[in-house]
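Model the full structure from these sequences, guided by the hints.
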Amino acid sequence: MSQAKRIGVLTGGGDAPGLNPAIKGLVYRSSDHDISVVGLYDGWRSLLDPAPEALALDREMVRRWDRDGGTNLGSSRTNPFRTTNEAGERLDRSAEVFENIERLGLDAIVVCGGEDTLGVAARLSEKGVPVVGVPKTIDKDLAGTDYTLGFDTALRNVTDVIERSRTPAGSHGWVQIVEVMGRHAGHLALWSGVAGGAHLILIPEHPFRYEKVFQHLRVRLGDTTGVARDPLRPRYSVVVVAEGAYA
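In our numbering, the protein residues as written are 4 to 250.
Hints were generated in silico from the structure; no laboratory data involved.
For every residue, glycine included, the Cβ atom is placed at its ideal position computed from N, Cα and C.
Do not rely on the hints blindly, as some may be mistaken.
Derived pair list, reagent style SDA-like, types lysine to any residue, alpha-carbon separation capped at 25 Å [as the list claims (entries may be wrong)]:
# : residue 1 : residue 2
1 : Lys-130   : Glu-102
2 : Lys-8     : Lys-130
3 : Lys-215   : Arg-159
The following label-pair restraints were derived from C-beta to C-beta distances [to be verified]:
#  : residue 1 : residue 2 : range
4  : Arg-80    : Glu-214   : 51 to 57 Å
5  : Asp-52    : Gly-91    : 19 to 25 Å
6  : Asp-35    : Gly-176   : 55 to 61 Å
7  : Asp-61    : Phe-84    : 41 to 47 Å
8  : Ala-98    : Pro-171   : 52 to 58 Å
9  : Tyr-213   : Glu-63    : 35 to 41 Å
10 : Val-222   : Gly-122   : 25 to 31 Å
11 : Gln-218   : Pro-24    : 42 to 48 Å
12 : Pro-24    : Val-197   : 23 to 29 Å
Now the structure itself:
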């Protein structure tokens with residue numbers, strides 16, 4: 004394949020920090036090689052539209068994008084291989100993606116997304132579409148890469164929440180529960196819990212038992228009813244729970 008001269012970029016799936024800086028970096032790097040970049044709005048949905056909404060991106064346009072959160076190109080959870088019509092029937096509309104890629108004159112597509120968005124990219128690649136996938140997920144649940152856009156920022160933010168929860172918990176003798184993202188992977192809960200000093204971490208990879216959780220908390224906090232409090236005994240606990248953790 005000859006060098007691409009016109010590429011499209013889209014963002015799909017849920018929100019994650021770092022998307023706009025990634026788009027800016029792509030535009031800047033591409034311009035160094037005389038490659039034009041077209042922004043595709045709302046993820047894969049744009050390539051299912053008879054008149055796809057696209058925007059030519061240049062250095063001046065994206066110069067300040069790295070200061071914005073979210074994604075200035077919008078996003079969606081559209082999967083061209085798995086759409087639904089008004090009758091509720093499943094349809095494969097991937098052929099329309101090919102048509103729009105040709106209509107827009109794109110030599111390749113850069114896709115920023117997570118498991119589902121990059122899954123579509125992989126299937127299109129198998130069908131001959133030149134695709135570059137940029138891993139994006141705060142769950143850190145993508146195989147084949149140790150780095151994903153969004154995870155580091157999410158880790159810092161969650162760690163900050165955990166650390167801030169410890170002071171009021173200690174003041175009032177609370178058991179503070181912090182729930183974090185992670186349907187099938189507990190990386191964010193585990194890493195932030197360790198960094199923030201949590202006393203118990205529950206993740207999807209290891210089913211828990213409520214009895215064990217209660218036992219752990221009783222052992223840590225003890226039952227001080229009717230007796231003088233030991234100043235050396237912990238008076239609070241912080242539990243970090245991934246959203247997908249289950250008993």
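Hinted pair Lys-130 and Glu-102, Cα distance within 25 Å: Holds, at about 13 Å.
Hint consistency between Lys-215 and Arg-159 [alpha-carbon to alpha-carbon, up to 25 Å]: 29 Å, violated
Range agreement (Cβ of Pro-171 with Cβ of Ala-98, hint 52 to 58 Å): Since Ala-98 and Pro-171 have Cβ atoms about 56 Å apart, the given range 52 to 58 Å holds.
Distance restraint evaluation - Tyr-213, Glu-63, Cβ atoms, bounds 35 to 41 Å: 57 Å, violated
Assessment of proposed distance window 23 to 29 Å (beta carbons of Pro-24, Val-197): 27 Å, holds
Cβ distance range 19 to 25 Å for Asp-52 and Gly-91, holds or violated: 21 Å, holds
Satisfaction of the hinted span 42 to 48 Å by the C-beta atoms belonging to Gln-218 and Pro-24: For Pro-24 against Gln-218, whose Cβ atoms are near 46 Å apart, the range 42 to 48 Å holds.
Distance restraint evaluation - Asp-35, Gly-176, Cβ atoms, bounds 55 to 61 Å: 59 Å, holds
41 to 47 Å as the expected CB spacing between Phe-84 and Asp-61, which holds or is violated: Violated: the Cβ-Cβ distance is about 32 Å, outside 41 to 47 Å.
Outcome of range test on Cβ distance (Arg-80, Glu-214; 51 to 57 Å): Check failed, 38 Å falls outside 51 to 57 Å.
Hinted pair Lys-8 and Lys-130, Cα distance within 25 Å: The hint holds at about 21 Å.
Outcome of range test on Cβ distance (Val-222, Gly-122; 25 to 31 Å): 44 Å, violated
Hints 3, 4, 7, 9, 10 from the list above are not met by this structure, while the remaining hints are.
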